[in-house]
Amino acid sequence: MRNRNILALTLAAAATLAAVPAALPAAAATAAHPANSRTARGDCPQLSKKLEWYGNNRTKLQRTIDERGTCANPDLGHGKSKRPVAAFDWDNTITKNDVTDATIAWSLRHDKILRPKSWKSTSKWMTDDADRALTEACGTKVPVGKPLPTSRNAACADEIFEVREDGKTMSGAPAFAGEWDHRHTVPQYAWVPQLFAGHTVPELESYAAKARKEALAAPIGATQTVGTHEIPGYVRYYDQQRDLIRTLKKAGFDVYIVSAGSEPVTEVWSKGVGIDRAHTVAIRSVLDRKGRISTWNEGCGGVPRNKGEAIPYIDGKRCWINQEIFKIKGKKAWDKQDFRHRIALGGGDADTDVTFVGDATGAHLVLNRNKSEFMCRAYDNADGRWVVNPMFIEPLPRKDGTYPCSTAAYNEHDGSKGPVLREDGSVVPDQGDSVHASSVPR
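Residues -28 to -1, 1 to 414 (mature numbering (1 follows the signal peptide of the UniProt record, and there is no 0)) make up the sequence shown, in order.
Since the hints were made in silico from the structure, they are not lab data. There could be a bad hint or two in this list.
Claimed, not checked - Quick list of simulated restraints, FRET-style, between CB atoms: (1) D355 <-> V116: 50 to 60 Å; (2) L368 <-> P115: 40 to 50 Å; (3) H154 <-> A354: 21 to 31 Å; (4) S143 <-> G244: 34 to 44 Å; (5) E177 <-> K113: 23 to 33 Å; (6) P146 <-> G244: 16 to 26 Å; (7) G150 <-> V412: 36 to 46 Å; (8) T112 <-> K308: 42 to 52 Å; (9) T112 <-> P146: 17 to 27 Å.
To be verified - Calculated pairs, DSS-like style, for lysine-lysine (alpha carbon to alpha carbon, straight line, at most 27 Å): (10) K389 <-> K304; (11) K140 <-> K21; (12) K308 <-> K54; (13) K262 <-> K182; (14) K262 <-> K113; (15) K96 <-> K140; (16) K92 <-> K113; (17) K389 <-> K371; (18) K32 <-> K21; (19) K92 <-> K140; (20) K303 <-> K96; (21) K92 <-> K279; (22) K21 <-> K304; (23) K303 <-> K279; (24) K22 <-> K221; (25) K299 <-> K243; (26) K308 <-> K279; (27) K222 <-> K54; (28) K389 <-> K89; (29) K32 <-> K222; (30) K118 <-> K262; (31) K140 <-> K118; (32) K92 <-> K118; (33) K54 <-> K303; (34) K299 <-> K222; (35) K54 <-> K299; (36) K243 <-> K22; (37) K22 <-> K32; (38) K96 <-> K389.
Beta carbons are placed, not taken as given, at the ideal position from N, Cα and C, and that holds for glycine.
All chains should be built: construct the whole structure from the sequences, respecting the hints.
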């Protein structure tokens, strides 16, 4: 049926190409653009040929831009056609290194974390062990609501950063326990905006801006020390991703950032690639009556205001995209939608991105960071539209062995691991790692 539709395409029908329920293959895309079309003339918005992509990835992405943007649908942007949507994760997708970690590190080095009434009050899942470790390390001499001296108290900075980074105390005890849906949230991610409770949004934005300036000025490869943790000290915007976003917008796409970071922090950074607040979706804190960040978050998919149960994380990213971009309310926001209510292009780097990137109808862009569930989907390439690229800066070497796709790569709702399944229920076989640092031509 799709081949007959393609053969029947005329100049008039090409304007509706964005609504065809599959991405057209290269030959069909050529057929859809006759000799006098914008594509044939070469004046469609083009990705820069000066920036290196792995293999033919630029061509694959350009094909989606041409098929779904203004080349195939010149009415985009004139109120006659709905714009196609592209959505990207932020940390390690648009930038190299984590901007949330950069902001936390800066805040700890400049005494910007306020002492809570109790550490257990900051997260509904915090364990007694974590509460005890944080209380002992950070002390009780500082009045509640006043800054902790984390720049001088390495033990306090260490405990805070370890809880954020690994969900454990410095002694190795679990920092969080209880029940949560492991495809809807992860407590240490939800804890980041809760850690900044008591601050106003402008204050947190100013910390993120100062951390941004510092991280962009640091040389590639630089490190910094937080407590006794040594972490990356630099962040860079990927030039290829800047160019991709610019080209998508020029071609009539609505481009969004969907991150599991704190929204004020993500917004400070997303401005750098031309994405405004309205197109930046991350963990949204509820503000108290004085306009200060609280330990409560806005909800999604029928989940009301909560303590972190429904953040943009794995299936939660789909929920937030469906709710905020496609205006699908209630429990249905958790479900995969029909073609017209899904993004055209998605990009990410980790398992937290696998669901929304997999929902894309045109291209699934993956930066390889050896995350099992994501790479199983990418290398299986069930629909032929997955685009795998090594990280543009300091790409990882080849992963030893294979990804355990057939047994233990899928992140189950209860936190266990299981096989990755295709939509027809078949099991994805274990996959080798083929797109990595040493696979890039020199």
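Results of checking the hints against the structure:
no., hint, verdict
1, D355 <-> V116: 50 to 60 Å, "53 Å, holds"
2, L368 <-> P115: 40 to 50 Å, "45 Å, holds"
3, H154 <-> A354: 21 to 31 Å, "23 Å, holds"
4, S143 <-> G244: 34 to 44 Å, "39 Å, holds"
5, E177 <-> K113: 23 to 33 Å, "29 Å, holds"
6, P146 <-> G244: 16 to 26 Å, "36 Å, violated"
7, G150 <-> V412: 36 to 46 Å, "43 Å, holds"
8, T112 <-> K308: 42 to 52 Å, "49 Å, holds"
9, T112 <-> P146: 17 to 27 Å, "23 Å, holds"
10, K389 <-> K304, "25 Å, holds"
11, K140 <-> K21, "45 Å, violated"
12, K308 <-> K54, "19 Å, holds"
13, K262 <-> K182, "24 Å, holds"
14, K262 <-> K113, "25 Å, holds"
15, K96 <-> K140, "15 Å, holds"
16, K92 <-> K113, "18 Å, holds"
17, K389 <-> K371, "19 Å, holds"
18, K32 <-> K21, "13 Å, holds"
19, K92 <-> K140, "14 Å, holds"
20, K303 <-> K96, "23 Å, holds"
21, K92 <-> K279, "12 Å, holds"
22, K21 <-> K304, "41 Å, violated"
23, K303 <-> K279, "18 Å, holds"
24, K22 <-> K221, "19 Å, holds"
25, K299 <-> K243, "24 Å, holds"
26, K308 <-> K279, "25 Å, holds"
27, K222 <-> K54, "15 Å, holds"
28, K389 <-> K89, "36 Å, violated"
29, K32 <-> K222, "18 Å, holds"
30, K118 <-> K262, "16 Å, holds"
31, K140 <-> K118, "25 Å, holds"
32, K92 <-> K118, "17 Å, holds"
33, K54 <-> K303, "24 Å, holds"
34, K299 <-> K222, "24 Å, holds"
35, K54 <-> K299, "14 Å, holds"
36, K243 <-> K22, "24 Å, holds"
37, K22 <-> K32, "16 Å, holds"
38, K96 <-> K389, "24 Å, holds"
When held up to the earlier numbered hints, the structure conflicts with 6, 11, 22, 28 and fits the remainder.
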